[in-house]
Amino acid sequence: MMDSAVDKDEPGPGFGAQAGRVALLLLAAIGALGGVGFLTGFLAAYNQDPDGTLSPRDIAFLAAGALFVLGCLYGAWRAIRSLRAADVAAGPRTPREGRNRRVMAIAALLGGAISLVLVLHHDAPASSPLALLDGPLTPAVAIVLALLVGVLVSALSIYWYLRVIDEQEAAAYNKGALIAMHTFWIGAPVWWLLWKGGLVPAPDGMLIYLTTAIVATVTWLWAKYR
Amino acid sequence: MKNRLKVLRAERNWSQADLALRLDVSRQAVNAVETGKYDPSLPLAFKIARLFDLSIEEIFDDGQRRG
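Chains A and B, in that order, are what the protein sequence lines are.
No gaps in the numbering here: position 131 of the first sequence is 131 in my numbering, and each next residue is one more.
No gaps in the numbering here: position 62 of the second sequence is 62 in my numbering, and each next residue is one more.
Careful, some of the hints might be misleading.
For lysine-lysine, the following DSSO-like pairs were computed, each having C-alpha atoms within a straight-line distance of at most 30 Å [to be verified]:
1. A:LYS175 - B:LYS2
2. B:LYS6 - B:LYS37
3. B:LYS37 - B:LYS47
4. A:LYS175 - B:LYS37
5. A:LYS175 - B:LYS6
6. A:LYS175 - B:LYS47
7. B:LYS37 - B:LYS2
8. B:LYS47 - B:LYS2
9. B:LYS6 - B:LYS47
It should be emphasised that the hints constitute simulated quantities derived from the structure, not laboratory data.
Using the sequences and the hints, build the whole thing.
Here it is, written out as structure tokens:
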């Protein structure tokens, strides 16, 4: 019996599982970036030590870091393959989805370029992705990156929000923004008050920013693909 | 909100991708509306109604209908 077009896209396993695939891809990308930062920082520290030799423990650390990065890259590759298969099963993309993909690809390239510049221009050894983000930059690199984020990423975001996405994705994105805003509005003063009471370390702006961004992204993707 | 979108689509043998193309939305959006996870805006509801040549009430049911 021939499958109808309606049978083909039921029972919709693609959409239900998309969130997991996207989450895996994001986690793998973040993990790979963090792993590369760790390896770069470790090797930079080794190069700065005049009589430094790699002990078996150091080699084990490097090997574990390299394995972790490889594992993340493998996870990302599997997630991309799975996303592609689900995409093909769901039928042809609409022109709006095509534009969305192109904007996402440009955003990913920009994010990758910015991350690469941060890794390459980082002076201090990076023990973690957060340390990598906190490290100093030369004024020229800082200006270029600030322009990239402030102008190019902003313009791309506005174009994406106003011209590319449909109302379902806009609603999901708005939900993410609302919950992230409240996470910030409530989380930051709670941390600050606990710090004033001497109970926790001083508020960390980068950690607050990253938490807000992660909450927004996770909520957005959940609302879009649930 | 309940709706008859999937039935109406099936009657025309359209896939979710076909309907998404006609409504200029993503396949996810069609899926989310059909499964009741997302209620469309009034402009999109009108667009859907015009596409199927029906009234909005004939497609969507908010459970408040009288009689």
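Tested hints:
For the hint linking LYS175 of chain A to LYS2 of chain B, the alpha-carbon distance of about 22 Å falls within 30 Å, and the restraint holds. Straight-line distance between C-alpha atoms of LYS6 of chain B and LYS37 of chain B comes to about 14 Å, which keeps the hinted pair within the 30 Å bound. Annotation: proposed proximity of LYS37 of chain B to LYS47 of chain B holds, straight-line Cα distance about 19 Å (limit 30 Å). Under the criterion of a C-alpha separation no larger than 30 Å, the hint pairing LYS175 of chain A with LYS37 of chain B is consistent with the structure, at around 14 Å.
At most 30 Å may separate the alpha-carbon atoms for a hinted pair to count; LYS175 of chain A and LYS6 of chain B meet this at roughly 26 Å. Using a Cα cut-off of 30 Å, the hinted pair LYS175 of chain A and LYS47 of chain B holds, with the two alpha carbons roughly 24 Å apart. Only pairs whose Cα atoms come within 30 Å are accepted, and LYS37 of chain B paired with LYS2 of chain B is accepted, the gap being roughly 10 Å. Distance hint between LYS47 of chain B and LYS2 of chain B is fulfilled; the C-alpha atoms sit about 17 Å from each other, no more than 30 Å.
A threshold of 30 Å between alpha carbons decides the hint, and for LYS6 of chain B with LYS47 of chain B the separation of about 16 Å falls inside it, so the pair holds.
When each numbered hint is compared with the structure, no violation occurs for any of them.
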